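Peer 1: Could you build the full structure based on these sequences and the hints that come with them?
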Amino acid sequence: MNILTYLIPISLVLGAVGLIAFIYTVRSNQYDDPEGDSRRILSDEWDNYPKP
Amino acid sequence: MTATMRPSPSACPACAAAPAAEALAERALKPAQIALSLPTIHCSACISKIERGLNAHPGVRSARVNLTLKRASIDAAPEVSAEEMRSLVEALGFEAHELDGASLSATATDRAGRDLLMRLAVAGFASMNVMLLSVSVWSGAEDATRDMFHWISAAITLPAIAFSGQPFFRNAWAALSKGRLNMDVPITLAIVLAVFTSLWETVLSGEHAYFDAALALTFFLLAGRYLDHRTRAIARSAAEELTALEVPRTTRLRDGVEEQVNIAELRVGDLVLVRPGGRMPVDGEIVSGSSEIDRSLLTGETLPVFAGEGQAVSAGEVNLTGPLTVRANAVGADTSLHRMADLVAIAESGRSRYTSLADRAAKLYAPGVHILSALSFVGWYLYTWDMRTALNIAAAVLIITCPCALGLAVPAVTTAASGRLFRRGMLIKHETALERLAQVDTVVFDKTGTLTTGTPQLTNLAALPRAAVECALALAQGSSHPLARAITTAAREAGFAASADLSDVTEVPGYGSRAILKGQEVRLGRASWTGAAPLAETASFLKIGDQAPLALVFTDSLRPGAAEAVEALKSSGKTVILMSGDTTPAVETLAARLGIPQWMAEALPADKAARIQALGDEGAHVLMVGDGLNDTAALAAAHVSISPASALDAARVASDIVLLGNDLSPIAAACDTAQSATRRIRENFRIATIYNVIAVPLAVAGLATPLIAALAMSLSSITVSLNALRLR
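Protein chains in written order, with the numbering used here: chain A, 1 to 52; chain B, 1 to 728.
I should point out that these hints are in silico values taken from the structure, not numbers from a laboratory. What you are looking at is a predicted structure, and each value in this text was computed from that prediction instead of being measured. Do not take every clue at face value.
[Stated by the list, open to error] Quick look at which bits of chain B chain A covers, simulated, 3 or more residues with Cβ under 8 Å:
1) 66-75
2) 114-123
3) 395-402
[Unchecked claim] Ranges between beta-carbon positions, derived for each pair:
4) A:P50 with B:A333: 49 to 55 Å
5) B:D359 with A:P34: 30 to 36 Å
6) B:A494 with A:Q30: 35 to 41 Å
7) A:P34 with B:Q598: 17 to 23 Å
8) B:Q477 with A:P34: 43 to 49 Å
9) A:Q30 with B:T584: 57 to 63 Å
10) A:N48 with B:E84: 30 to 36 Å
11) B:F163 with A:Q30: 17 to 23 Å
Beta carbons: idealized from backbone N, C-alpha and C, even for Gly.
Peer 2: Printed below as a string of structure tokens:
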């Protein structure tokens, strides 16, 4: 049963990481243009270096 | 307009220097300075082409295209005008329209939606974690392990519920403080009681805790709320975009100098220049210029009316041929346009009289649940004299009966149905519009601009001599008057070429066009100007020299899908009525053409509303389809109302559903979709009831374990959602 001492905190931390990541995406407007974002990955602009 | 919207560059230098996370988010949410609507973009190539084109402009700081909204937001230097940006995009080969930033700002930040989504996410993540722990308890964790799991669950559940349950707590409190009951009262009670008893059990190291049930309940109900909100937010933002397309800007003449001003800044006595194609922003009097004005949106008349110096004009009328200078004598809320819109407030009834299916269900359900739960508490307390057992069972009853399925029953269906109708070009603006649409048995159509496009069609082309047609074409082709354009289109389609013999073609605004043909004067225009006797139907006259004038007769062209829509509505057993402010012969002809037996001509706005009110009092459920200002009162008085996207803003605001395309045929299909949607909602209620009938006796008998509660709750919610997806 000692395994629980590791596994439970790990599962809680993973859940929290997922939640925080989701909150970050909502706050940074990443769901404003789902249609456009799905097309933008096909564009070859900024393929060689990131947008400044 | 744009100038007033722009924040001054030095408004807050500190903000830029201290980019806290909050400030960053705020800035990203701020409405863009220039917004363009790009209805034709569809792929990644369009996005990058427009963005590259806009960013290349020296005055543009950044430009971003949103493909979902089909919109570009441009952050530009103050001297860059929206018009400049628009022509830049048009030059790239895309259709572009300027959007009024002020009307868009309301939807630019969907704060309520974001808030719900956050709460939904917290409830979702917490319930997954707690479910994980609960499954270990159900599969046999005992003693210290079980207690530890319960404590961890409690530690997750308490803050999660405190945060995500707030919308329910707030609504319940608002209802209770007014002494009323709504769906949120049993929900809140169930959540609070479940958490409370579970905590009690945990302290006493009891066997059953309902932490997972409380969280799952919150999660499912929030999902329903969010779906509901999303559906309406999409409709609202699309409707707002229609409003934003009409930029409230006009040209004011001050000491002979033209300046662009916001309509709200106009004062009584100002001189306003209205160019051909423009809409009158104020009530006033024409001080110079002569033209013809289209009053169809106000009165329903198809025929343009002559406008000359000294004549009064009303806001909302459209100037057709020549530029007019108008002195304002009523502005803003005093204009006749606004006074007509005020009729709407008086007529508002169809909507408010209706109680939604969900509300009716809640009215039956909420008291029932409370009584049941209280009875089982009292019963078990009297039977065992044990507070803990009695409270546990009362909580179980509340959790099991909690309207998970009921909370999802309506939003799941309306989301599916609204999405379906949206793809067919219909915007459902009001939350109960679908339910009301399903009850419709009488459909009232307006004529001009609704069943007809308002653009005339030449009918007697074949009966005219060839030379006359060529002459008329030569006179008409340079004019933007609707009748002249109709002649041009019809003659070109029939293969005629403009006569080359005409010289000195000049347009006389308000009257027609004239030219010289072999030394003789040729005139094409209104009856009085060409010396002809006026006809009952819409006509234009061609007079060559001293010959008798020839009549060119027009009829109003039908909107695409109008005939199909009327036919489909009639064949599904609905009464179709035509009501118009236009002249009797015009209305009679159209009624005969479409096979509409009941019609009403020369109806004033109040007549229309009164007739619809009377139909409603007789027990009919009236669907009103109209576009003009003269229809707004009728739209509001009807049980449910539809207006086309070309309608006046006031009419669109008054209606429940906006038709986006040009085609009328989706109306009949929408009635069918609405009917099947209401059927699904009722089915969902039945599913929820059946599940309650099975589960409640178990709970009252004290046999419900947290496992059974979780299973039953998820099962019923999923069944209800799947049933909604079945919608045709």
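Peer 1: Next, verify each hint and record whether it holds.
Peer 2: Going through the hints against the structure:
1. Evaluation of the coverage hint for the region 66-75 of chain B: fulfilled, as 4 residues show C-beta separations to chain A shorter than 8 Å, against a requirement of three.
2. Counting residues of the region 114-123 of chain B whose CB lies closer than 8 Å to any CB of chain A gives 5, which reaches the minimum of 3, so the coverage claim holds.
3. As drawn, the region 395-402 of chain B meets chain A at 0 residues by the rule of a beta-carbon pair under 8 Å; below three, the given contact is violated.
4. Separated by about 52 Å at the C-beta atoms, A:P50 and B:A333 satisfy the suggested range of 49 to 55 Å.
5. One distance hint, 30 to 36 Å for the beta-carbon pair B:D359 and A:P34, holds here, with the actual separation near 33 Å.
6. Checking the proposed 35 to 41 Å range against B:A494 and A:Q30 shows it is violated: the Cβ atoms sit about 56 Å from each other.
7. The supplied range of 17 to 23 Å is broken by A:P34 and B:Q598, whose beta-carbon atoms lie about 47 Å from each other.
8. Under the hint 43 to 49 Å, the C-beta atoms of B:Q477 and A:P34, about 47 Å apart, fit the expected range.
9. Checking the proposed 57 to 63 Å range against A:Q30 and B:T584 shows it holds: the Cβ atoms sit about 59 Å from each other.
10. At roughly 32 Å, the beta carbons of A:N48 and B:E84 sit within the given window of 30 to 36 Å.
11. Separation of B:F163 from A:Q30 is about 22 Å and conforms to the stated range, judged on CB atoms against 17 to 23 Å.
The earlier numbered hints that this structure contradicts are 3, 6 and 7.
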